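J.: Chain order of the listed sequences is A and B.
Numbering follows my numbering, in which position 190 of the first sequence is assigned residue number 196; successive positions increment by one, without gaps.
Numbering follows my numbering, in which position 209 of the second sequence is assigned residue number 445; successive positions increment by one, without gaps.
Everything labelled a hint here was simulated from the structure, so no lab data went into it.
Computed from a predicted model, the values in this text were never measured in an experiment.
One or more hints might be untrue.
Claimed, not checked - Computed Cβ-Cβ distance ranges for the label pairs, DEER-style:
| hint | chain 1 | residue 1 | chain 2 | residue 2 | range |
| --- | --- | --- | --- | --- | --- |
| 1 | B | Lys238 | A | Thr79 | 33 to 39 Å |
| 2 | B | Glu519 | A | Thr97 | 25 to 31 Å |
| 3 | A | Tyr29 | B | Ser499 | 43 to 49 Å |
| 4 | A | Arg101 | B | Ala255 | 25 to 31 Å |
| 5 | B | Arg249 | A | Thr79 | 38 to 44 Å |
| 6 | A | Ile36 | B | Thr504 | 41 to 47 Å |
| 7 | A | Ala89 | B | Ala586 | 27 to 33 Å |
Backbone N, C-alpha and C fix where the C-beta goes; we use that ideal spot for every residue, glycine too.
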Amino acid sequence: MVRVDGNGGGEALIRARGLDKSYKRGGEEIHVLQGLNLDVDAGEFIAFMGPSGSGKTTILNLLGGLDVPSAGTVSVAGDEITAMSRRKLTTWRARHVGFVFQAYNLIPVLSAYRNVELPLLLTPLSAAERKKHVEGALRIVGLQDRMRHFPRQLSGGQEQRVAIARAIVADPTFLLCDEPTGDLDRRSADEILDLLSLLVSERAKTILMVTHDPRAAERASALLHLDKGVLVEAERERQAKRGLEVTA
Amino acid sequence: MKFLPLLLANLRRKKVRTALTIGSFMVAMFLFGLLAAVRAGFRQGVEVAGADRLVVIGRTGLIQPLPIPYMQRIRRLAGVKDVAHSTWFGGIYQDPKNFFPQFVIVPEDWQRLYPEYRVADGEWRDFLADRQGIVIGQKLAQRFGWKIGDHVPLKAPGYLGGTSWDFNVRAIYRGTRPQDDEGQLWLQHRYFYEKAPRYWQGMVGWYIVRVSDPGQALTVLKAIDKEFANSASETRTQTESAFAASFMKQMGNIEFLILAIGSIVFFTLLLVTGNTMAIAVRERTAELAVLKAIGYSDRFVLALVLAESLLIAAIGGAIGLWFARGMAARDITSGILPTYLSGAALAAGAAVALGTGFLAGLLPGVSAMRLQVVDALRRV
Chain A
7 MVRVDGNGGG EALIRARGLD KSYKRGGEEI HVLQGLNLDV DAGEFIAFMG
57 PSGSGKTTIL NLLGGLDVPS AGTVSVAGDE ITAMSRRKLT TWRARHVGFV
107 FQAYNLIPVL SAYRNVELPL LLTPLSAAER KKHVEGALRI VGLQDRMRHF
157 PRQLSGGQEQ RVAIARAIVA DPTFLLCDEP TGDLDRRSAD EILDLLSLLV
207 SERAKTILMV THDPRAAERA SALLHLDKGV LVEAERERQA KRGLEVTA
Chain B
237 MKFLPLLLAN LRRKKVRTAL TIGSFMVAMF LFGLLAAVRA GFRQGVEVAG
287 ADRLVVIGRT GLIQPLPIPY MQRIRRLAGV KDVAHSTWFG GIYQDPKNFF
337 PQFVIVPEDW QRLYPEYRVA DGEWRDFLAD RQGIVIGQKL AQRFGWKIGD
387 HVPLKAPGYL GGTSWDFNVR AIYRGTRPQD DEGQLWLQHR YFYEKAPRYW
437 QGMVGWYIVR VSDPGQALTV LKAIDKEFAN SASETRTQTE SAFAASFMKQ
487 MGNIEFLILA IGSIVFFTLL LVTGNTMAIA VRERTAELAV LKAIGYSDRF
537 VLALVLAESL LIAAIGGAIG LWFARGMAAR DITSGILPTY LSGAALAAGA
587 AVALGTGFLA GLLPGVSAMR LQVVDALRRV
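Just chain A, with the same shape it has in the complex:
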């Protein structure tokens, strides 16, 4: 279930309360987010849409612990990340969040295998265990035969699949995808969206995705609209068979 009214129960995986984010630019204070509430249960696939500058990416940054709010709190699986120190937050991200970026952001001098392995280097896993996890993640995204390829030897869609493998390899609590299909052609975009849907339906992953693409948003179980930093609309998810509910 997804709620934006601030009345969600304590069972929500992600819980944001009264989130404000503002910046000062040239003496003027710009409010990016204002009093945002959000409750997301585990296994949800949420899409955020809205015009440029509406605060979509800012929400992801705050929920993923990359940025701190001007006011309000964010809790994930019971941990209040807004109360964590910078160092603790870094450790928390490594354990709980998988990031997928629009520009893929792979390390160009590392092979697909090494890119996917990066999050695991921070764990106490042995080399053999890491290998098992990396190969598993690449198998999920359908690139087990490309693991020795470097990013420049892959298509955009393949690069993004490697990025998804990197995001899921450490089995994070949830994935944050910022315009994951923004740089892809239709066919590749569909492949990526199929993959994300698969991760939700078959592997029970929780995904929060920012997108400009209505076709991408259609894949989500719930769609949230942002305008000038306020969640103004929530659509009931379309996959009623999963029994999900959006409450505005």
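The hints should help you fit chain B onto chain A, whose structure is shown.
T.: What follows is chain B alone, placed relative to chain A:
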């Protein structure tokens, strides 16, 4: 070790740039090594000086010979354990550029006073048996390709008549320490006094004195100078290390010159490498931001940048010092100085290289450490 692929991959990112930066370190450390070797050559006399040896020269300097009877008078002084004398020969082998030190010695005395030089027993006997025999250092032998039994003519300087003197290589000596000068030639006093002009008869260049107790060296040297005070040939006695140091100073402040050149080279290297590392980090802003996003700490990012810089410094420094060591072992000063690169100089070179690498990576590393993920990703 598990982060090594990441580190090495970053170095392979711009191969030419990495190679040039390593090359900068290599050249700088090669130069450092050579300067250190030359400095060691200048300081060699000081470093090899025996703590228990004094040098007695004429009060006005080495050009003033001293009478041979002084030897007995010095020997009788309290605190004196042994005495030998020597004279500078200064012969020319083929060309004045082929300079090397040549000492007239009394073999038995010399052997007692300088036990750090080793000669095979058989060769030493051959040397004693041949009044025209000479002992040469191993490096001198290598320099001119001389072998035992070779005939070596030297043209004596004008104050010794300017004629050609003939010698036979009878022995080759080796130092027992790396800093020992193996570029000298020793000739027998018997042959010298046979051929030297009359005014050299009964005169020597200087005395070498061994004291019974190095702690009493000051007392002994004062006693020696007092013994010959107000005589026709007054003396100036110094410890061997002070003598070598004053000899070195006559050539100017070489140490300052070497230090100044070295400092300029390393300051330039620091600027060049620091700039290179700054560019390398700036180019990877997004990647570093992604590393931080997926859980790599600020300190890890700092360590990664520093490790890259240190690895470049270590590789370039090691190659440069290795070449310098090889070069120093050769006769780079045409026999004027016994150059060598000691373990301490190599360690200092390694420390300088790593220190420069650390400083060069520090600012870009701190900048990478402070990088805000959100800001960096927004710039992509």
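J.: The structure should be examined with respect to each hint, and the outcome stated for every one.
T.: Hint check results:
{"no.": "1", "hint": "Lys238(B) with Thr79(A): 33 to 39 Å", "result": "holds (36 Å)"}
{"no.": "2", "hint": "Glu519(B) with Thr97(A): 25 to 31 Å", "result": "holds (28 Å)"}
{"no.": "3", "hint": "Tyr29(A) with Ser499(B): 43 to 49 Å", "result": "holds (47 Å)"}
{"no.": "4", "hint": "Arg101(A) with Ala255(B): 25 to 31 Å", "result": "violated (39 Å)"}
{"no.": "5", "hint": "Arg249(B) with Thr79(A): 38 to 44 Å", "result": "holds (41 Å)"}
{"no.": "6", "hint": "Ile36(A) with Thr504(B): 41 to 47 Å", "result": "holds (46 Å)"}
{"no.": "7", "hint": "Ala89(A) with Ala586(B): 27 to 33 Å", "result": "violated (47 Å)"}
In this structure, the hints that do not hold are numbers 4, 7, in rising order.
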